[in-house]
Amino acid sequence: MNRYWKSIATVLAVLMLLLLPLAGGVSAAGNKVIIKVSAAISLKDALAAIKEAYARKEPGVGLQLNLASSGLLQKQIEEGAPVDLFISAGISQMDELALKGLLIPQTRSDLLGGELVLIVTREKRTLIKGFADLSKGAFSFTIGQPETVPVGKYAKETLLSMKLWEKLANRIVFAKDARQVLTYVDSGNVDAGLVYRSDVVGLRGAVVAAVAPKDSHSPIVYPMAAIIPGKNLDVTRKFMDFLKSPEAARIFSKYSFVPLQKNVAVKSRY
Amino acid sequence: MMDPITLSLKVALIAVCIDFVFGLAIARSMARKEFVGKNIIESIIILPMVLPPTVLGYGMLILLGKRGGLGQMLMEQFGIQIIFTWWAAALASAVVSFPLMYQSAKAAFASVDIFLEQAARTLGTGEMRIFLTITLPLAWPGILAGLVLAFARALGEFGATLMVAGNIPGKTQTIPLAIYSAVETGDDELAKTLVLTITILSFAAVFFLNRWSKKKVQVWRKGSEAHVESRNI
Numbered sequence: 513m514n515r516y517w518k519s520i521a522t523v524l525a526v527l528m529l530l531l532l533p534l535a536g537g538v539s540a541a542g543n544k545v546i547i548k549v550s551a552a553i554s555l556k557d558a559l560a561a562i563k564e565a566y567a568r569k570e571p572g573v574g575l576q577l578n579l580a581s582s583g584l585l586q587k588q589i590e591e592g593a594p595v596d597l598f599i600s601a602g603i604s605q606m607d608e609l610a611l612k613g614l615l616i617p618q619t620r621s622d623l624l625g626g627e628l629v630l631i632v633t634r635e636k637r638t639l640i641k642g643f644a645d646l647s648k649g650a651f652s653f654t655i656g657q658p659e660t661v662p663v664g665k666y667a668k669e670t671l672l673s674m675k676l677w678e679k680l681a682n683r684i685v686f687a688k689d690a691r692q693v694l695t696y697v698d699s700g701n702v703d704a705g706l707v708y709r710s711d712v713v714g715l716r717g718a719v720v721a722a723v724a725p726k727d728s729h730s731p732i733v734y735p736m737a738a739i740i741p742g743k744n745l746d747v748t749r750k751f752m753d754f755l756k757s758p759e760a761a762r763i764f765s766k767y768s769f770v771p772l773q774k775n776v777a778v779k780s781r782y
Numbered sequence: 020m021m022d023p024i025t026l027s028l029k030v031a032l033i034a035v036c037i038d039f040v041f042g043l044a045i046a047r048s049m050a051r052k053e054f055v056g057k058n059i060i061e062s063i064i065i066l067p068m069v070l071p072p073t074v075l076g077y078g079m080l081i082l083l084g085k086r087g088g089l090g091q092m093l094m095e096q097f098g099i100q101i102i103f104t105w106w107a108a109a110l111a112s113a114v115v116s117f118p119l120m121y122q123s124a125k126a127a128f129a130s131v132d133i134f135l136e137q138a139a140r141t142l143g144t145g146e147m148r149i150f151l152t153i154t155l156p157l158a159w160p161g162i163l164a165g166l167v168l169a170f171a172r173a174l175g176e177f178g179a180t181l182m183v184a185g186n187i188p189g190k191t192q193t194i195p196l197a198i199y200s201a202v203e204t205g206d207d208e209l210a211k212t213l214v215l216t217i218t219i220l221s222f223a224a225v226f227f228l229n230r231w232s233k234k235k236v237q238v239w240r241k242g243s244e245a246h247v248e249s250r251n252i
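For the record, the sequence lines run as chains X and Y. The first sequence begins at 513 in the working numbering and counts up by one. The second sequence begins at 20 in the working numbering and counts up by one.
Simulated from the structure, these hints should not be mistaken for lab results. A hint or two may mislead.
What the hints assert, rightly or not - Each computed DSS-like pair below joins lysine-lysine, with the alpha-carbon atoms no more than 25 angstroms apart:
#1 Lys766(X) x Lys756(X)
#2 Lys688(X) x Lys211(Y)
#3 Lys211(Y) x Lys544(X)
Stated by the list, open to error - With beta-carbon atoms standing in for the labels, derived distance ranges:
#4 Ser130(Y) x Gly613(X): 53 to 63 angstroms
#5 Pro571(X) x Ser48(Y): 46 to 56 angstroms
#6 Asp207(Y) x Phe651(X): 19 to 29 angstroms
Glycine included, C-beta positions come from ideal geometry on N, C-alpha and C.
Model the full structure from these sequences, guided by the hints.
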């Protein structure tokens, strides 16, 4: 019987121990101003570096990064999640938030551009040197699902403009995101695929064979905008200015993104 | 700031505490009662186990968000925002792992000999005392098993957590979310380390609690039998 009470006491003690730090934890955030940033997960490493640089520049301001797919982040914002700044990997997510009146229109601008590259598995690298070799050299090909994955949409546009879509159509494996495209090719399971240049990190079993011409697909753009109600809007704006600065541009370039300096947003084509 | 491992443990433990309190209360009240609609209620309770976590997460996001009923009320009445805090992660884990706790506890309560409780009642023992000194000790092994399973499930929660708590490093990024981040950005080394860590953690939790509960079962079985015998004399 004694043991039974002891174990009940243990459970209660654990509960207490756990709850103790919570009481303090809530208010421990301190007097730092926190900018809550929701950003496409493909920006993870670049934004980690940005965060570090900004902490040196503005010690009184902290960045809180929430990283997931742009579609999920959009849903969270629609349901009223606390977000100050949204950096999307696709224009459509930003457009939908704009339509619903959830972003502050005058703060919207295009932060980054990207490039689409053709990656080829190691065994096929001598056979496939560019897009022209695809129809003969690649027995299997992978792109993101064009309807749901932005990188898949751009890839389909490129293939269409190069008149390769018809020829490759029955060899294409559709992936759920850019990372999966990369994994398929890097592991040698698929001969070639199309991904963002910024996704190409640490390839072991594949190489970059070619860059898709800029005019073969609609512009790849990462737009950003402040989200309503715009708490601490001044602080958020200052950070957005920093994201457009040469210092931030250097960091983004390091991670293979193309910084866009001009302060206008690409108009959506839908 | 909190590293994913500590945070995961904290979140899973809080989740299990929530499961423990509600699981026990609901299981106890459902175990011995038959009423119209019991089946429906039980099905709803089990639902989180069979629904995809992302569906649950989306439901919770709608409910707890600023524009959702519960979220709005909490915001207006208490100024509390749950979305994007680790409390949301704990809540998501608790909801997803709740059926495991509930099922085990219910089975455990149902297996307790009802005559023992009735005997105590005829001797004038209060309901609370009956619960604490007869029902709970006899059901304890099953409840422990439920705790173990719920803890392991809570530790691995991903889908619902990502929806309601977000993937915020140092704040809501538990091990599964950190693995997702690492894989999505091609950080294979970190991903492998974390996969190994969570595997070892889950294994250790299940292994040791299992062993512990087995030992306890024997001790308690003997203990409670002796107790009952002495009362019967």
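Quiz item: Is Lys766(X) close enough to Lys756(X), meaning Cα to Cα at most 25 angstroms?
Solution: Since the Cα atoms of Lys766(X) and Lys756(X) sit roughly 15 angstroms apart, the hinted pair holds (cutoff 25 angstroms).
Quiz prompt | Distance restraint between Lys688(X) and Lys211(Y), which requires alpha-carbon spacing of 25 angstroms or less | solution = holds (21 angstroms)
Practice problem: Using the beta carbons of Pro571(X) and Ser48(Y), state whether their distance is inside 46 to 56 angstroms or not. | Solution: holds (54 angstroms)
Exercise. Assess, step by step, whether the Cα of Lys211(Y) is no farther than 25 angstroms from the Cα of Lys544(X), and give holds or violated.
Key: At roughly 34 angstroms apart (the allowed maximum being 25 angstroms), Lys544(X) and Lys211(Y) break the hint.
Exercise. Please test the hint of 19 to 29 angstroms on the beta carbon pair from Asp207(Y) and Phe651(X).
Key: holds (27 angstroms)
Exercise. Could you tell me whether the CB distance from Ser130(Y) to Gly613(X) stays inside 53 to 63 angstroms?
Key: holds (57 angstroms)
Figure legend: structure checked against the earlier numbered hints; the only hint not met is number 3.
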